[in-house]
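Colleague: If you want the building blocks of each chain, they are given just below.
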Amino acid sequence: MNTTRTDDCQGIRKSGVLSKEELENCKGMPSEERLKRGPIAVIECSEEIPCNPCEANCPRDAIDIGGVITAPPHLLEQKCVGCGLCISRCPGLAITVVDLTGERSDKVSLPYEFCPLPEVGEIVHAMNRTGKIVCDAEVLTVKNEERNDRTAIVTLLVPNGYGMEVRFFARSGRRRN
Amino acid sequence: MRHGRTRSVDSDILVVGAGPAGLAAAIEASEHGATVSIVDENARPGGQLLKQTHRFFGSERHQAGTRGIDIGSRLVATARDRNVDLILDTPVIGIFNGLVVAVNDNRHFLSTRPRRIILATGAAENAISFPGWSLPGVITAGAAQTFVNVHRIRVGENIVVVGSGNVGLIVAYQLMQAGSNVVAIVEAMGQVGGWGVHAAKIRRMGIPILTRHTITEAAGDTHVEQITVHEVDDRLNRLPGSEKALEADTVCLAVGMSPRSHLAEMADCAFTDVPELGGTIPIHNAIMQTSIRSIYCAGDVSGVEEASTAIEEGRLAGLGAAFSLDLVESDLYERRAAICMKALDDLRSGPFGQQRKTGKDAVLREYDEYYKNR
Amino acid sequence: MTAAFDKRITDHPILGPLDTTEQCTIFVDSKPLIARLGEPILAALMANDIWITRFTKKLGAPRGLFCGIGLCNDCLVFVDGLGCVRSCVTAVEEDMSIETRTNEKRRF
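Protein chains in written order, with this note's numbering: chain U, 1 to 177; chain X, 1001 to 1374; chain S, 2001 to 2108.
Think of the hints as simulated: they come from the structure by calculation, not from any bench.
Watch out, some of these pointers could steer you wrong.
[What the hints assert, rightly or not] Mimicking SDA-like on lysine to any residue, the simulated pairs with C-alpha atoms at most 20 Å apart in a straight line are:
#, chain 1, residue 1, chain 2, residue 2
1, S, K2007, X, Q1177
2, U, K14, X, K1342
3, U, K14, X, Q1177
4, U, K14, X, N1166
5, X, K1342, U, V68
Produce the entire structure from the sequences given, and follow the hints as far as they go.
Modeller: Set out below in structure tokens:
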């Protein structure tokens, strides 16, 4: 049951989906300029909840929360290289790493905790924040490393323009030709 | 009924409940040299941690990022290392003037008069009633978690979750991980109850959160076959003509929890009513001591919160009990207590923790009032 | 639920594959069923598509899993002739004889 209800514009409290405005104001959001320059983390965590493993685990100190651990994470985009370690460390699974520099495609690396895992080369239905299927995506890599404690990282190849939209996927049973 | 021999237990401190609060209390107290026994009704220790496959929040001190199931097994291992006596399959059936009575494995009575008791009996789920609620297929969210994550059984194929607090949102996610299909989350209020990140995970999977909706009825012959929901106004009144049918075979009720405080009642602890903490709470001070000097409480029984606060409160209770037995030096006591209390403050900070903080402050005030009048 | 919907979670992204090596035979309403050693009776019932534990005395209403932790008494079954057994917290044992779907008063 995929829906795009109008109340999705009402934001995270009312609908569980961050509104456009909330995304723009989110401190974990990289700037347009930084997005053009290479892989970067996108931290969609905007509320004051006591939590800081993203900050604690970033090897480049590219995430700042500070002494009061309810502060929403602030992405220090100049320091972030998009290594993706934070993706599996976030208990809320709120972090993706995107690479918008491709000529025709964007890459989205997202956390995936379901089985069976997709296979490289599979074509999947890529979904946006409201669960609506917005495009097809090809599965580029599937990493399920032990250090990530059963949170697999799936990297999807999506058409240009979809890198900041796609945040989940559904299996379609198809493969790349 | 067959009677068995009475088994006796001879520890300084008896902890009732081997969930996060009880385990943390036992570990803390044993670190200071107390002999500790934990008694739990379940076959396995760990309480609710046994069902929590998701990662915990908080900071490093709270083992943030570690899955609940692993935090649970670590606590159990530590307790065993410290020679804590773990007595399982043994529900405590009463406290009679300081005498604790339990039934071990349905056969043997266990009785003991410990010097200190720590009640860590947790909380149990509430239910809402509606036509068809007693049909097979209507279950609590906790039942879903237990059967899916502990017993590895799919509780249903198409599931409606009632309640969008953190429990409802997390259970919906866990049901999807288990291979069931969550049809919708139904929430009576006009907004999502739990944290945004939990809700976001659900929404991007395509699961709708129907705010301002509640269940009309569950229909079916000998099992749930169809659910009807309807829209409500701000006062939870039904909007006529707003009924919608949902094809589902299972309803999970995630509508809050209430402390399991019968033993505290039997032991004559004084109580206060704190809706923000789940209902009737045994009054206690900052070191988790109840109105009965030799009885402490920790975890959900002292106010429904989460596992991380349960662990910190368990530590305080274990520390307090050990200190009262002259097992802890004043300096160390003050230092450790301060660390735990600061950790609790951190966990109760922010807008989501505000109500719980207010609730806990009310309990502490009640405790002070109680002793002022004596 | 569709017949093909497998009730046992044989693989899980966090919990891993299910160990089904330790099994036992139990008898449910005189029918032999395979159960996993150590699991509660109700888990074995549901794994075998049995969802009704009993019927209520007064209205003959079907009951089954509700709280899952031994508090509500919906899941009561007879075991080896003994009534009032909470199937959600009582472990299966080899050759156990279980009666469901009764609405009798409990007996010893």
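Colleague: Now tell me if each hint is right for this structure.
Modeller: Checked hints:
Between K2007(S) and Q1177(X) the CA atoms are separated by roughly 14 Å; this keeps the pair inside 20 Å, and the hint holds. About 32 Å separates the Cα atoms of K14(U) and K1342(X), which puts this hinted pair outside 20 Å; it is violated. The straight-line distance between the Cα atoms of K14(U) and Q1177(X) is roughly 25 Å, outside the 20 Å bound, and the hint therefore fails. In summary, the hint linking K14(U) to N1166(X) is supported, as the alpha carbons are separated by about 15 Å, within the 20 Å threshold.
At roughly 12 Å between alpha-carbon atoms, K1342(X) and V68(U) fall within 20 Å of each other, so this suggested pair holds.
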